[in-house]
Each structure stands twice: as structure tokens, then as C-alpha cells.
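If you read the protein sequences in the order shown, they are chains A and U.
Counting in my numbering, the first sequence runs from 1 upward without gaps.
Counting in my numbering, the second sequence runs from 1001 upward without gaps.
Misleading hints may appear alongside valid ones.
[Said to hold, decoys possible] Listing some non-contacts, in silico: residues in chain U with all C-beta distances to chain A over 12 Å:
#, residue
1, 1009
2, 1012
3, 1017
4, 1020
5, 1030
6, 1038
7, 1043
8, 1045
9, 1049
10, 1056
11, 1088
12, 1090
13, 1097
14, 1106
15, 1111
16, 1113
[Claimed, not checked] Simulated crosslink set (DSS-like; lysine-lysine; CA at most 27 Å straight-line):
#, chain 1, residue 1, chain 2, residue 2
17, U, 1101, A, 14
18, A, 57, U, 1069
19, A, 71, A, 14
20, A, 70, A, 57
21, U, 1069, A, 70
22, A, 14, A, 57
23, U, 1101, U, 1069
24, A, 9, A, 71
25, U, 1069, A, 71
26, A, 9, U, 1101
27, A, 57, A, 9
28, A, 71, A, 57
29, U, 1101, U, 1049
30, U, 1049, U, 1069
Derived from the structure by calculation, the hints contain no laboratory data.
Each residue gets a CB set at the ideal place from its N, CA and C atoms; glycine is no exception.
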Amino acid sequence: NAGVTQTPKFRVLKTGQSMTLLCAQDMNHEYMYWYRQDPGMGLRLIHYSVGEGTTAKGEVPDGYNVSRLKKQNFLLGLESAAPSQTSVYFCASSYVGSNQPQHFGDGTRLSIL
Amino acid sequence: AQSVTQLDSQVPVFEEAPVELRCNYSSSVSVYLFWYVQYPNQGLQLLLKYLSGSTLVESINGFEAEFNKSQTSFHLRKPSVHISDTAEYFCAVCPMDSSYKLIFGSGTRLLVRP
């Protein structure tokens, strides 16, 4: 049972380039999330999805887009990367309900030069 | 709105010593409370959670946390730490009226020394 899998694990981009981060979960979770982790700031929610075909903005959505075409996949896109987007990105998934814990992937380390 | 404060960014401690990692929260609605642990180069893993009932909750590896509603705190404790407990610990809350919104503290790095 793989849980939550993120690809790639590392990536270096130049300012202005675009890329897509892929998240896949095999737990049949309804909810999926994208966070960014920056030193001293904990995790901040970028976008989330409550089901296939639906997405919503989180706390820091600017500069990112997402899609959830299949229940098990949640994609995070950067259309024009900026140095401020250098961060570690985590995907998570959970069952429905505020008492349900979230399950996290191992993260993607992204550097924008 | 909700917020979570972890008062210590780093806690150094010697092996086999006790430790307490502090967490305070602010919320206008009732919340569920969680502690997550992050080992180096890994994602976050659930350590323990408080949903209802007994205010003292325990994890399988010897950690415990106590929910104190009057002080709006959820401090994490372990009576005797091991080198392998070295990690970053995050306190988080989820409002009961929201099914998705998990608010994290800034984290506390526990450094266990031999």
C-alpha cells in the first residue's frame, strides 16, 4: 500500500518556466490537498479538492493552479515560476470529516532560480 | 478564525530525559486537535489526536498529549526520549464546522542528544 505518492521528489526551475507536480493516492480518499512548507511557517494550504472534478482555493493560492480529473490524482501547476515559490510542497489526502487525519506524501523540493 | 502557537522553535534535550512541547490555540468554534511528526526528508505522520472523551491521549511510541480547554492548550509530553525521537513536531487544529481546514503551528524541532 503506497499511500500518497508525489512526483518528482526534486526539481530546479528557472524563473518563468512552468511545471506540474503530481500527487497520487490509493486510499480512495475523497479529499486532497496541496501545501507548501517554508522555514518557521509551518504548512500553508494552497488549494484543496473535496472530490473528483472540484477544486477550491486555500490560504496561499496565487501563482498556482490545480486539477482533479480523477479521484486518485491531484495536480499542482506553476504557470510561470517565481523565486518566491521556492519551497517544499506536500500533498495530502483524507476521508470526509474534520475529525479525519490527513495522510501526507514525502514532499517535492522545488527551487526556482 | 483559528491560529496555533508553538512557543518553542527548537527544544534540545538529552536522551532518556523528559520533554514537553507546548501548543496553544485560538478559535471561536470547537476544534479537533492533532500532533504530527516529520522525520528528516519525509512527510508528516499523525502522532496522536484528540476528538472527544478523555482529555489525555496517547501514541503507540510513548508520547501523550493533554487537552486543556480552559487554557486552550494541547501540550505534547514524553517521560523519556530516545535519539530516534529527533524530528519536527507540528500541532494542528481543525474546526468542527469545517471538513477540510487544518491549521498548523510553525513547528518545534526536537533535538535529542546522547
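The hints, checked one at a time:
The non-interface label for residue 1009 of chain U is inconsistent with chain A: the shortest C-beta to C-beta separation is roughly 7 Å, within 12 Å. No Cβ of chain A approaches the Cβ of residue 1012 of chain U within 12 Å, the least distance being about 17 Å, so the stated non-interface status holds. Against chain A, the non-interface label of residue 1017 of chain U holds: every CB pair exceeds 12 Å, the least being about 25 Å. The non-interface label for residue 1020 of chain U is consistent with chain A: the shortest C-beta to C-beta separation is roughly 19 Å, beyond 12 Å.
Here residue 1030 of chain U does not stay apart from chain A, with its beta-carbon only about 10 Å from theirs, under the 12 Å limit. A beta-carbon of chain A is positioned within 12 Å of the beta-carbon of residue 1038 of chain U; the least distance is around 8 Å. Not every Cβ of chain A is farther than 12 Å from the Cβ of residue 1043 of chain U; the closest lies at roughly 3 Å, contradicting the non-interface assignment. Listed as outside the interface, residue 1045 of chain U is inconsistent with that label: its C-beta sits roughly 7 Å from the nearest C-beta of chain A, within the 12 Å cut-off.
Non-interface call for residue 1049 of chain U relative to chain A: violated, since the shortest CB-CB distance, roughly 6 Å, does not exceed 12 Å. Listed as a non-interface residue, residue 1056 of chain U keeps its Cβ farther than 12 Å from every Cβ of chain A; the least gap is roughly 18 Å. Separation of residue 1088 of chain U from chain A is inadequate, the least Cβ-Cβ distance of about 10 Å not exceeding the 12 Å criterion. Consistency note on residue 1090 of chain U: stated as away from chain A, yet its beta-carbon is not over 12 Å from all of that chain's, at 6 Å minimum.
The Cβ of residue 1097 of chain U does not lie farther than 12 Å from every Cβ of chain A; its closest approach is about 8 Å, which violates its non-interface assignment. Chain A draws residue 1106 of chain U into its interface by the beta-carbon criterion, the shortest separation being 5 Å against a cut-off of 12 Å. Every C-beta of chain A lies more than 12 Å from that of residue 1111 of chain U, the closest at about 16 Å, which supports listing it as non-interface. In this structure residue 1113 of chain U is separated from chain A by more than 12 Å, as the shortest Cβ-Cβ distance comes to about 22 Å.
A distance of roughly 32 Å separates the Cα atoms of residue 1101 of chain U and residue 14 of chain A; the hinted pair therefore is violated under the 27 Å criterion. Annotation: proposed proximity of residue 57 of chain A to residue 1069 of chain U is violated, straight-line Cα distance about 31 Å (limit 27 Å). A C-alpha spacing of about 31 Å is found between residue 71 of chain A and residue 14 of chain A, which places the hinted pair above 27 Å, so the restraint is violated. For the suggested pair residue 70 of chain A and residue 57 of chain A, the alpha carbons sit about 18 Å apart, so the restraint of at most 27 Å is met.
For a cut-off of 27 Å, the pair hint linking residue 1069 of chain U to residue 70 of chain A is broken: about 40 Å separates their Cα positions. Distance check on the hinted pair: residue 14 of chain A and residue 57 of chain A sit about 25 Å apart at the alpha-carbon level, within 27 Å; holds. This hinted pair checks out: residue 1101 of chain U and residue 1069 of chain U have alpha carbons roughly 20 Å apart, not beyond 27 Å. Proximity of residue 9 of chain A to residue 71 of chain A is assessed by CA-CA distance (about 22 Å); at most 27 Å being required, the pair is judged to hold.
At most 27 Å may separate the alpha-carbon atoms for a hinted pair to count; residue 1069 of chain U and residue 71 of chain A exceed this at roughly 37 Å. The straight-line distance between the Cα atoms of residue 9 of chain A and residue 1101 of chain U is roughly 25 Å, inside the 27 Å bound, and the hint therefore holds. Simply put, residue 57 of chain A and residue 9 of chain A have alpha-carbon atoms about 24 Å apart, close enough for the 27 Å limit, and the pair holds. For the given pair, residue 71 of chain A sits about 18 Å from residue 57 of chain A by alpha-carbon distance, which is consistent with the 27 Å threshold.
Restraint check: the Cα-Cα separation between residue 1101 of chain U and residue 1049 of chain U comes to about 15 Å, which is no more than 27 Å; the hinted pair holds. The hinted pair formed by residue 1049 of chain U and residue 1069 of chain U meets the criterion: a straight-line CA distance of about 15 Å does not exceed 27 Å.
Checked against the numbered hints above, the structure breaks hints 1, 5, 6, 7, 8, 9, 11, 12, 13, 14, 17, 18, 19, 21, 25 and satisfies the rest.
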